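Let chain A serve as the given structure and place chain B on it in line with the hints.
Residue numbers (this note's numbering), protein chains in the order written: chain A, 10 to 374; chain B, 971 to 1241.
Hints in this document: simulated from the structure, not taken from any laboratory. Here the structure is a predicted model, which is why all the values come from computation and not from measurement. The beta carbon of each residue, even a glycine, is placed where N, CA and C say it ideally should be. Any given hint could turn out to be false.
A few chain A residues facing chain B, derived, Cβ under 8 Å [what the hints assert, rightly or not]: (1) 98; (2) 124; (3) 126; (4) 128; (5) 244.
Residues of chain A clear of chain B, computed beta-carbon distances all greater than 10 Å [claimed, not checked]: (6) 40; (7) 47; (8) 57; (9) 89; (10) 92; (11) 94; (12) 103; (13) 104; (14) 107; (15) 164; (16) 223; (17) 268; (18) 269.
Residue-level listing of the chains:
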Amino acid sequence: MSGNDKTNGHGVALRVHACAKTFADGTRALEPVTLDVARGETVVLLGPSGCGKTTLLRIIAGLETPDAGGRILFNEADVTRVPIERRNVGMVFQSYALFPNMNVSDNIGYGLKIRGVSEAERKARIAELVALTGIAGLEHRRVDQLSGGQRQRVALARAVAARPSVLLLDEPLTALDAALRERLRGELNRLLRTLGITAIYVTHDQAEAMALGDRIVVMRRGAIAQVGTPRDIYFAPANRFVAEFVGAANILEAECNAGVLLLPGGRLALANDAAAAALNGHANGRIFAMIRPESIRIIAPDGAALTGEVDSVSFVGDRQRAAIGGVAGKPIMVDVPNSTPIKAGDRVGLSVDPGDIRVLAGDTA
Amino acid sequence: MSKKTFIGLCFVPLAILVAAFFVLPMARLVVTGASGHDGLRTYAAILLDPRYRATLINTILLATATTLATLVISTISGLFLQRHHFPGRAVLIAMLTFPLAFPGVVVGFMIILLAGRQGLIGDVTLRLLGDKQVFAYSLQGLFLGYLYFSIPRVILTIMAAVEKLDPSLEEAARALGAGPWRVVRDVVLPALAPAFIASGAIAFATAMGAFGTAFTLATDIDVLPMLIYTEFTLSANFAVAAALSVGLGLVTWAILALARSFGGNTVAAAG
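Isolated chain A (complex conformation) (with noise of 0.2 Å):
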């Protein structure tokens, strides 16, 4: 471990080889999955509950072991066996999990305790975790007089302390308000880029996902459904699973004829690439296809190649979205600006430039 930066410059480059897990009623959690993750790198883990996502942190942790054949790789050297006490893994839980008998400055200095660091060095490191973190002044507090962002900030400093070769994040702002998240947010993302620590991260939420992550691996019933930067996630998604659960997405299922949709509501062409993707595989057939809603401009009807009806409006702040009927088998989400008037009942026509409808592989449902 590279002790000598102040700024934590460390980690390690970690390898799931494999990995399955078996539960002994049999369930089974995880498929075998195989990921790399960079020295350094934020990989978020995201998925809907039930997708195995806490238990590959857990095996990564050392809180479970994969079935045989699973091996996990700390800079190529094997951690399968090793448990997780001696394993050298930060942990910041939803729960925050910090020690009721304990006050702040004991909490974060617990792992440096155990390590056999010497009480100044120990106060020195404190005193810089709790600067980092903005919880300077709350040292000798009570656990149980924090508010929950500072519970978070010191589960947080306690966990990056003795310098983990990985920080492992399972849900770590769930529990909070709205607001509260996204601030920590976005100073949790500070913080892991100042440490530079390879960082795997559980959560539900993709906007979470979105803003933290140096790669997403979106999993789905114990599997890997896709994995790469945020961009590729939300714009070239692998399928329609990925698709529907990263942002909002309108799938459009519809006959393909010579690189064209035909669609109730009309036509609408394809890109060349996407018509390629299309015909591979499917030659002229039923396809799906997906359009973010914020693609998808309103313009007059009148001879337009796609039209449908406005079913409804909802305003949502920074602009308003429209429910668009008749024009694929159910109402298309459209995001309108503010100053576009459109109200229920308005016929209108949709353009969409044909590079950002992407055609997905197969329906994986």
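The following block gives chain B in isolation, referenced to the frame of chain A:
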């Protein structure tokens, strides 16, 4: 009728009950304690008379030893039983809590069957060592009986507390490098402290005042409830019996009050 008057009236039944069954008998007991020919000095005798003092110390030591042993045994078994599921677990828990149903006399009887003159331990040691071990009628026998009596009361409280422990607390400690013993010392035991104090206080109070078991076993040991009984029935020494009763009550009450104030802090800290 104003709301205040109504609320005041609601306390009347409680006030009558407390007066009739607590304040008046207690006052009477305190007065009786001072009614002997030694007057108030009877109270001083609890501490000054060598026999009374020895009995008081004996009783406190026995109750303390019982409480500590009960806590140790119940904590280990409670942790194990709450965290491991195995065939027969429910039966074992039922057996451990079974003594709740027994009066002290039955517990004393069982100790005699185990360690009395015709007891199992006597038989076995006679055959193996050629020397019959009998300790039912001694302090050890009483200790064993109280232990048997206290474990069910304590173990249920501790099991409930273990169930409420947040497992992520232990996981957090382990992630920080704490081995199994360290986790127990730094996380589990402090988190269980309120349960120890609450159930320990009950065990202590029970052991201080238990009579049935002592009456069945205690032929050559003096514990406070036995002393009160003999002073009262055999010597008709009402004043001493009353003074000793007040003393017993005060010691027990003080321990419970101490535990409550201490426990209150701990509970607040665990919140």
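Each hint, compared with the structure:
| no. | hint | in the structure |
| --- | --- | --- |
| 1 | 98 | holds (6 Å) |
| 2 | 124 | holds (6 Å) |
| 3 | 126 | violated (11 Å) |
| 4 | 128 | violated (17 Å) |
| 5 | 244 | violated (36 Å) |
| 6 | 40 | holds (24 Å) |
| 7 | 47 | holds (22 Å) |
| 8 | 57 | holds (21 Å) |
| 9 | 89 | holds (17 Å) |
| 10 | 92 | violated (8 Å) |
| 11 | 94 | violated (5 Å) |
| 12 | 103 | violated (8 Å) |
| 13 | 104 | violated (5 Å) |
| 14 | 107 | violated (8 Å) |
| 15 | 164 | violated (8 Å) |
| 16 | 223 | holds (23 Å) |
| 17 | 268 | holds (54 Å) |
| 18 | 269 | holds (55 Å) |
Of the numbered hints given earlier, the model fails hints 3, 4, 5, 10, 11, 12, 13, 14 and 15; all others are met.
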